[in-house]
Each structure stands twice: as C-alpha cells, then as structure tokens.
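So the sequence lines, in the order shown, correspond to chains A and B. According to the numbering used here, the first sequence is numbered sequentially starting from 1. According to the numbering used here, the second sequence is numbered sequentially starting from 1001.
Don't read these hints as lab results, they were simulated from the structure. One or more hints might be untrue.
[As the list claims (entries may be wrong)] Facing chain B, according to a computed beta carbon distance under 8 angstroms, are these residues of chain A, among others:
1. Met23
2. Pro26
3. Val30
4. Phe33
5. Ile34
6. Thr59
7. Val60
8. Pro63
9. Ala64
10. Phe161
11. Pro164
12. Leu165
13. Thr176
14. Asp321
15. Leu379
16. Pro382
Just so you know, these numbers come straight off a predicted model, no measurement behind them. C-beta: ideal position from N, C-alpha, C; glycine also.
Here is how the chains run, residue by residue.
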Amino acid sequence: MTIAALSMPLLRLELRRNPTRWMLPPIAAVFWFISFRASTAYPPLWNVRAMSMQTSVVTVFAPALVGAAAWMASREARRGMTDLVACTARPRWGRQLAVWAATTGWALAAYLGCVGVLYAVIARQAAWGGPLWWPAVVGAASLPAFAALGFAAGVLRPSRFTAPLVAIAAFLVLETSVQLIHWDQPYWQVSPLVAGPWEIGTDQGVATFYRYLPDLPIAQVTFLAGLTAALLGGLGLTAGAGGRWLRRSAAAVTVAGLLAAGVATGWAGTGRLDPHGMIAIPALHDPADDRPIGYAPVCRDTAIPVCLHPAYAGYLPAVADALEPVLREVAGLPGAPVRISQAAATYRSGPANEFGVGLAGPAMTGTPPVFQLLLPSQLPGPIRPRDDLVSTIRTDAGRDLVAVLVGADRDPSPAQQAVMAAILHTSTARLDPDTAVAAQRLTALPAAARHTWLAQHLAALRADRLTLEQLR
Amino acid sequence: MTADAGGLPSARLIRLFLTGRRVPAALAAVVACALLLRIALHWPWNTYGARQLPLIIETGCAAAIAITAASPFGDVERVTGRWLPLLRLGIAVALTPVAAGALIVAGTGVHLAGGASEVLRNTAGLTGIGLLCAAVLGGALTWTGPIAYLVLGVYALYTRWHPPALSTPWIWPGRPGHDVGAAICAGLVFAAGLALITVRGARDPVGDRG
Chain A
1 MTIAALSMPL LRLELRRNPT RWMLPPIAAV FWFISFRAST AYPPLWNVRA
51 MSMQTSVVTV FAPALVGAAA WMASREARRG MTDLVACTAR PRWGRQLAVW
101 AATTGWALAA YLGCVGVLYA VIARQAAWGG PLWWPAVVGA ASLPAFAALG
151 FAAGVLRPSR FTAPLVAIAA FLVLETSVQL IHWDQPYWQV SPLVAGPWEI
201 GTDQGVATFY RYLPDLPIAQ VTFLAGLTAA LLGGLGLTAG AGGRWLRRSA
251 AAVTVAGLLA AGVATGWAGT GRLDPHGMIA IPALHDPADD RPIGYAPVCR
301 DTAIPVCLHP AYAGYLPAVA DALEPVLREV AGLPGAPVRI SQAAATYRSG
351 PANEFGVGLA GPAMTGTPPV FQLLLPSQLP GPIRPRDDLV STIRTDAGRD
401 LVAVLVGADR DPSPAQQAVM AAILHTSTAR LDPDTAVAAQ RLTALPAAAR
451 HTWLAQHLAA LRADRLTLEQ LR
Chain B
1001 MTADAGGLPS ARLIRLFLTG RRVPAALAAV VACALLLRIA LHWPWNTYGA
1051 RQLPLIIETG CAAAIAITAA SPFGDVERVT GRWLPLLRLG IAVALTPVAA
1101 GALIVAGTGV HLAGGASEVL RNTAGLTGIG LLCAAVLGGA LTWTGPIAYL
1151 VLGVYALYTR WHPPALSTPW IWPGRPGHDV GAAICAGLVF AAGLALITVR
1201 GARDPVGDRG
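Next up, chain B with everything else stripped away, as it sits in the complex:
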C-alpha cells in the first residue's frame, strides 16, 4: 500500500485496490442486472411477479457488491497500510447507491412495483447481509446470505396474498416501501455490515473453502 506525501491514498493505489477487489466486474454485473430489469419490466406481470422481480434483481446487485469485500491478498495486504479500512468502506458506500440508482433508472418510465424507496431499502439491506456474511463466513461465501434472505423475502411477499402474512420488519421485502420499521431494520443491517467490513474486512483473505 502506498500513499501520497500528504497522507491520502494515491489514485494508483485506489485503482489497484478496485481492480484487486473486482469492482469493475461488480459494476458490470450491476449494469447487467439493471438491463435485465429494464427488459423484464416490459413484460406483463401479475402483482406477485411484479414485486418478486425487482427483489431478485436487487439480490443480484447486492451479491455482486458484497463479493468485492473478498481480498485476494489477505494478511499481506492488511499489514501494508492504514487506508485499507477506508477503502473497504468506500467501495461498499459507493457501490450501493450506484446499484440502487441503476435499478431505479432501469425502472423509469415503466411500472416498477414498490418504487424507488423499496429498491433503495432492499438493495442496502441485502448488501448489508452480504457484507456481514463476508465478515463472518468469509469472502468466498458472501453470496449465501443474500440468496437465503431472497428466499425468505419472496416468501414474505407470497404471504401478502396467502395469509398469515409475515409482518416482522426484519423481513423487509414483505413490507411496503414507506414502512419506517422495515427501512430502519434494513438500514441497521447495512450499517452493521459496513462497520464490520470496514473494521475487520472479509474473514478468509487467502484461499477459500471448497
């Protein structure tokens, strides 16, 4: 890790860091998800399908963002500089609104069930779950949390038409976009994920299971 004389990380350092974390690939995945959403929204969907679709795409974006938490260098990287936590935080903080923005733009002009607020809430919450998985399970398995939560979220949506409905705000996809409790829960999970990934980074820096 290198830094300018003034103490700020150099552009080269940032570029190398982003490349090492596969941020360009993650951005490409986010753009692909947004395009998929745009194309899919032109099809006729029933109410349940229209709410499922954005959630599934949001999970794809969140998984792609969380994957960037995995480091290919591990301890070697951890001891080389003090900017690492900030860079880890920066990636997650920057990519999450980019992903939410891309999906909102993809839904502009067509009917995006739940609207922008649900996209922002779900993307942030799912990304938080992915970051927590990176810190607890390891960078290799970041995707398991968002995907498991996706199944729960889709089930929560299903129960809106097939009672008893899952009403806990911790399963926020089942709640409407203006629900404050759900937004707080998603925000807390996102904040916890950010905090943990900033302080500790992904758990298994070298190699992976399997």
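Only chain A is shown next, with the shape it has when bound in the complex:
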C-alpha cells in the first residue's frame, strides 16, 4: 500500500506514456476474430459461451501482454537511463511497479471492454440464466500474472530480443500445458486456459441444472495472484531495489506468493470430475453447490407434452417435431409416460482419461411415469446441425421410449422387435424374415386400429407373453 500511495503520480504518468494502449486496437481485433466469433457461434447458452471465452481470451491476451510488459521493463536499459534514474528519490521497485501497473491497467481496460461486449451479447441472446462470472474473473486474474512474467523477464534481461522471445515462450508453455492434463495428473488444470474438464471439452451439459462450480476458478485465481506476487516481489529483492524495509517487504510478498501458488497447484491436483460435469476440489468444495437449481420447464403441447430446461428453449420446437410421430403412436397406451422431461446429464470418469456421460437412473421414472430425455447437445462433442439433432432424437430417444414401453430395453423378443419397428416406422431389412413380415403387417394397419391393438396387448407384450403369430 505504501508503494502504491507513493507512486500514484508516477502511475498516472506511466498510464499516459504506456505504449500498451496502442496495442489495444489490434488485440481487440484479434479478440473479435477468435473469441467473439467462436463464442457467438455456439448456441446461446451461458455455459458454453463463457467457458469457451475463458480459454480463447487468455490465448489472445497472453502473448501480447507478456511482450508489452517485457518491452516496458527494458525501457530504462534500452535508453541508457539506468544510472540516471537510479539516483532519483523514488525506489527502483516502486518505479517498476508503476510501469507494471500501467501496463496491466491498459490490458485490463481492454479486457473488460471486450468481455463486457461479449457478455452483453450473450445476455441478450440467452434464454435462461445469468452471467457466469468465474470464467471472466479467471481471465482477468491472468492479465496481471502475464504482465508480471513479461516484466520480470524484461528487467532481468533488457534486450530487444527479450519481448518477442519471452512472449513466444509464454505462449508455448501456455499451449503445451494443456497437453499434460490427465485425470491422473491434474495439476496442470491450474492453467487459466482450463475452464472445465479438459478431456471433455466444450460441453452444453454442464452448469445448467447445477451450479457452475467455483472450485477450480478459486484455485486458478489463487495461483495467478500468487504467481504475480512472487514475480513482482522477486524484483524487489535485488540490490538497489530500495531500502532495507522495502526489500524485506518484497521478500515477504515473494514468499507469500510462492506459498499461494504452491497451495493452489496442490488444490488443482486434487480436482476430480464431479457427477455434474465440473471439476470439484475437496478442499474448496461447498456441498451447497451440489443442489440442483430450480427452474420452470418450457413445454410443447404435443400428444405427450415435451418439456425442456428453459436454457434449452431454443431446441424445443425441433425436439417436439422429432418426437411427435412416436408420441402420437404411444399416447394413452397403458404405461405410456405422461410427460417427456429433459434430465441432467451425469458424468463418470474412468481410467486412461475415459469418461462416460448419461442418465443418472432409469429412463422412465415416477407415478404417473415420466420419460427422462437427454438431448444430444447435452453430450460432449461438436455442435450438431439442426437436421442432425432432429434425426438423432427421433432415432435414439424415440427408440428408447418405445423400447421401455414394450419392455424391449434388454434382449428384445421377436414380437417386441416387430412392434418397435411398427411404431417407429423403421426399416425391417435388419429383422429376420418372420419378424419383418409381422412388423409390416402391424405397420399396414390404420393408426387407430394399431393403437387399439397395442392398448389391448401391450401388457402381454411387455411381459414377453406374445409370439409373432399372435401379432395381427
């Protein structure tokens, strides 16, 4: 605080003279090209857009900021003014901190502007939820750390080669660090590039039904703050940095920074995939975050109502249209669900970086029964085009629904296979000839007659007491 108070006029001067501000328009342009375009290409969900922003924004700002800070740190040496300014009343450490603070300040201003615009666009487009602040906080916390890294390099090695080489080295370390992230070696999750389970990637299934876990962001911010303190404190340890008390303060800051960075890395090392798709760190985890978030579902008035989480409201027409033919067939049958309801995905990690995503329990639950639906977009993987989404829902969710209804979810009998093919209107080419004939016979019936027959025989079919010959 003493240093900061003493250096305010100097800080204002450095802010006016700092060339980092001239680098802001190109940085903003690269942010738009990489972060903004990529983020807004995702569906309007806070989770995917904010989390992808964290990764890309760090990539955009880090090399430029490291280079700019290194450049500014070597200013006195480049201009041959080291001896001249050494005899000024201001301690060297204080002067250096003012330059670092000005460089960081300009970068933070640009960051806040860029992220502010992006968040405003997301807020306008998202159907549900509010801003996820932790990805923005981690990105902001990385800027002082990268500036300190470049600044320390520039002070230690003032040369015209320092700025580009340290910027590229920082970028190399940053990009390659994510290569080393594994379930069994999770310390590298402390990298600010990591917004969630790295092996899973961008995933629409997280932080919607359950909270965005702050565990990993807290560890990352602690690490970045510690790294910043250690690097800046280290500059105050050298002879000539200031008086004895100043150097002792610098030593204390350095030690505290190193401890914080070490502890945070240790925390990240204990991070594991939690059932809701986020990284949970036992030392930081709040059990209250495991409670589901309440919401009012959005529904479509189909033969059986289809209800989705409001965040996925944009998918509702496509999902309802995809399921409508099957729902018309099964509505009103004994044991048919009264509602199709979107469920939260459950995540399980396995050995060798494997993971599984699926429903937590059976597909049909409750009395009266409700069919639990997992959207394909809740599963990790690339964004699917609408037609692909519709086709997948019709094929997978429709088949699952009918399979549960006719009791064919495990080792279906020929009669069950035939009825499934008739209800789903799928090809009979893969069925054996007798089953195919039975399926075609049932398919050829008028819809009302088929529905009546199913209502009469569904219980026997589900109990596997129906043979192919008994199918009309």
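Following the hints, put chain B in place on chain A, whose structure we already have.
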C-alpha cells in the same frame, strides 16, 4: 559507411553492419529455437499440439530475424552510403533460409508435423510480417505482427478439428504444406516485407516508443 575501391562493401563494413543489427544474437536465437524444437519433438504430442509446436518455434525465429531490421543509428546511417538497402536485403534473405534450414534439421529423424515445406512457408511468411511491421510500425515493434499472426495461425489450426475451418490462404498455417495458394500468400507477404525493408528500412531509426 565505407566501401572498397571497386565499389563493393568491405568485409569490415559488413561485419560492423551485422553487429549493429544484432545478427549474431538473432542467429543465437534461431539456434536456440531449433534446439528447443528438437528437444520438444521427442515428447509425445497429440495431433493438434504437434502442429502447433513448429508454428510457435517458427514465429520465434521470424521475430528474431525481423528484429535485425531495426537500426540503432537512424538517419545518420541512411546518408552515409549506398549499400544500406542491399545490406538490409542481404540480412533478411540470408537469415530466413538459415532459420528454416535450422528448424528442418532439428526435425530430421523425428516426426515434424507438416514437414519441411510448412516450415519454409511459415518461416518466410512470418518473417515477411515482421519486416512489414518494422517498416510500418518501427523497428522496436517488429515482433507484434508475428505474434498476433501466431495467435491467428494457432486458431486456424484449432478450427481444423473444430469447424467451421478457416480456409483462407492468407492464414496459411491452417493450410497443408502442399497448398499452393497458401504458399503464394506467404511468399507475397515475404516479398512485400523484403521490398519495403530494402527500400525504406525500419521506420524509427533512433529511439523507440515506450
């Protein structure tokens, strides 16, 4: 600036010029980059990382070469001799293949993603960007262009696995090594950088911003 009676620049002039432009330091940086690449290539990389790594190292080489465009003397040097443009051209023309060659040699015997053609194309194109920055922004800020382009290039590589892919040949790191359009674009940028730096030199000969 001095010259032999025959009109050619003397060896002493060339040596002083190279020293003034920090060419030995640039060569040391290129060798360090090549060694780093060699060491890094012994590690297992996934496909994306294997393509990123050479690009990042190539950017380091290109930035080091572009930095040699900055003159510590400025106008004083500009009025002392007619060999200056040729010497500026000579440095860039000589260092670029040296850097590409060093990286190709570093990748010999191990898997260098993209191969020699990508190394040559990327190094030349990135050096061209650095030289353009030297001529337009000034010798002090030559590194900003290659680093900004590196971020774009890495993103272009990323989009190869996460469509829609960036397909413009002007972002050549995203294109395969045999892509003619990308090679032409990189070559044009290199030629433009060479031409500008030969004719005009770096923009701010004395001092620098910041």
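Identify whether the interface hint at A/Phe161 stands, where standing means a beta carbon of chain B within less than 8 angstroms of its own. 6 angstroms, holds
If you take the shortest Cβ to Cβ gap from A/Pro164 to chain B, is it below 8 angstroms? 3 angstroms, holds
Status of the hint placing A/Phe33 at chain B (closest C-beta pair under 8 angstroms): 7 angstroms, holds
Given A/Val30 was flagged as interface, is its beta-carbon under 8 angstroms from a beta-carbon of chain B? 6 angstroms, holds
Given hint A/Ala64 near chain B, where the shortest CB pair must fall under 8 angstroms: With Cβ-Cβ at 6 angstroms, under 8 angstroms, it holds.
Holds or violated: A/Asp321 as interface residue toward chain B, Cβ cutoff 8 angstroms? 25 angstroms, violated
Against chain B, run the beta carbon of A/Pro63 and see if the smallest gap drops under 8 angstroms. At about 5 angstroms, which falls below the 8 angstroms cut-off, the nearest Cβ of chain B leaves the hint on A/Pro63 intact, so it holds.
With 8 angstroms as the cut and Cβ atoms as the points, is A/Met23 at the interface with chain B? OK, holds: A/Met23 within 8 angstroms of chain B, min 7 angstroms.
Against chain B, run the beta carbon of A/Leu379 and see if the smallest gap drops under 8 angstroms. 16 angstroms, violated
Hint A/Leu165 vs chain B: min CB-CB distance below 8 angstroms? Nearest chain B Cβ about 6 angstroms off; hint holds.
Restraint: A/Val60 near chain B, CB-CB cut 8 angstroms. Satisfied or not? 6 angstroms, holds
Under 8 angstroms is the threshold here; is the Cβ of A/Pro26 close enough to any Cβ of chain B for the hint to stand? OK, holds: A/Pro26 within 8 angstroms of chain B, min 6 angstroms.
Violation of the numbered hints given earlier is confined to hints 14 and 15; the remaining hints are satisfied by the structure.
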